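Peer 1: Each chain, written out:
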Amino acid sequence: MTDQEIRDFLQNAINENRVMLFMKGTPDAPRCGFSMRTSAALNAMGVQYAAMDILPDQRIREELSALSGWPTIPQLFIDQKLVGGCDIVLEMYESGELAEALGVEQPTEEPQAPEAEAPESAPLGLENRLS
Amino acid sequence: MPTPEDLKTRIESALPGSTATVEDLTGGGDHFRAEVVSDRFDGLSRIEQHQLVYGIFGDEVGGPIHALSIKTSTPGGTR
Chain F
1 MTDQEIRDFL QNAINENRVM LFMKGTPDAP RCGFSMRTSA ALNAMGVQYA AMDILPDQRI
61 REELSALSGW PTIPQLFIDQ KLVGGCDIVL EMYESGELAE ALGVEQPTEE PQAPEAEAPE
121 SAPLGLENRL S
Chain R
132 MPTPEDLKTR IESALPGSTA TVEDLTGGGD HFRAEVVSDR FDGLSRIEQH QLVYGIFGDE
192 VGGPIHALSI KTSTPGGTR
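First to last, the protein sequences are chains F and R. Under our numbering, read the first sequence as residues 1 to 131, first letter to last. Under our numbering, read the second sequence as residues 132 to 210, first letter to last.
Read the hints as simulated data drawn from the structure, not as lab findings. All values reported here derive from a predicted model rather than from experimental measurement. Just to be clear, a hint being listed does not mean it is correct.
Unchecked claim - Per the computed footprint, the stretches of chain F lying under chain R, defined by three or more beta-carbons under 8 Å from a beta-carbon of chain R, are:
(1) 68-75
(2) 82-88
Said to hold, decoys possible - Straight-line alpha carbon distances no greater than 30 Å define the calculated BS3-like cross-link-like pairs of lysine-lysine that follow:
(3) R:Lys202 / F:Lys24
(4) F:Lys81 / F:Lys24
(5) R:Lys202 / R:Lys139
(6) F:Lys24 / R:Lys139
(7) R:Lys202 / F:Lys81
Glycine included, every Cβ here is placed at the ideal spot set by N, Cα and C.
Using the sequences provided together with the hints, build the complete structure.
Peer 2: And the structure:
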């Protein structure tokens with residue numbers, strides 16, 4: 001695959017998935033704490049989302065950052081717009097802005113950063129995952 | 132290897148009038164957390180605020196600085 005093909009593939013993933021998370025590892029086997037907390041926040045919202053592991057090829061990450069202008073992983077896109085990385089997603093989770101951006105109700109339990117959630121306990125109802 | 136003091140100095144000189152608190156999360160010199168208070172953030176979206184801070188370090192974030200966790204606010208309050 002050429003770099004351009006990788007970039008086109010990433011752009012397609014963003015275009016075709018309303019909620020698109022690029023992460024290290026997968027939601028059920030995250031390979032980095034930042035990716036784990038970000039996918040756990042999405043899991044807690046109960047939305048369907050697509051997730052792509054950027055680790056298999058270094059160029060995926062390079063092309064993604066070139067595309068988004070954002071240097072780190074994870075990166076969450078909603079409606080084709082970069083929302084941010086772990087810090088922003090967790091701040092938005094706590095403030096209720098994430099629910100608003102996703103168009104869902106804020107979970108009724110006391111909102112808290114889903115940091116304590118172990119990766120293996122993450123609820124998975126993802127029918128739209130790419131990897 | 133960058134130190135928290137290096138990062139603090141660079142943030143504060145790039146954003147005059149700002150106050151940065153930087154900690155090394157792991158002690159390894161590559162995972163940092165920066166809390167930055169600056170009136171330059173006024174009127175910017177959160178993502179633009181973070182991009183302003185990331186922009187100070189360019190390619191170093193993702194390179195020697197493996198992770199830089201950011202929290203931004205304005206002197207008037209967090210947004």
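Peer 1: Take the C-alpha atoms of Lys81 of chain F and Lys24 of chain F, compute the straight-line distance between them, and say whether it is at most 30 Å.
Peer 2: 20 Å, holds
Peer 1: Verify the proposed pairing of Lys202 of chain R with Lys139 of chain R, using a straight-line Cα cut of 30 Å.
Peer 2: 13 Å, holds
Peer 1: Lys24 of chain F and Lys139 of chain R were given as a pair; does the straight-line alpha-carbon distance stay at or below 30 Å?
Peer 2: Distance ~28 Å between Lys24 of chain F and Lys139 of chain R Cα, so the pair holds.
Peer 1: Going straight from one Cα to the other, do Lys202 of chain R and Lys81 of chain F come out at no more than 30 Å?
Peer 2: This hinted pair holds, its Cα atoms lying about 20 Å apart.
Peer 1: Against the 30 Å threshold, does the CA-CA distance of Lys202 of chain R and Lys24 of chain F hold or violate the hint?
Peer 2: With a Cα-Cα distance of about 22 Å, the restraint between Lys202 of chain R and Lys24 of chain F holds, given a limit of 30 Å.
Peer 1: For the segment 82-88 of chain F, do at least 3 residues have a Cβ located nearer than 8 Å to some Cβ of chain R?
Peer 2: Our answer is that it holds, as 7 residues pass the Cβ test (under 8 Å) against chain R, meeting three.
Peer 1: Using a Cβ cutoff of 8 Å, are there at least 3 residues of the segment 68-75 of chain F near chain R, or does the coverage claim fail?
Peer 2: holds (count 4)
In this structure, none of the earlier numbered hints is contradicted; all agree with it.
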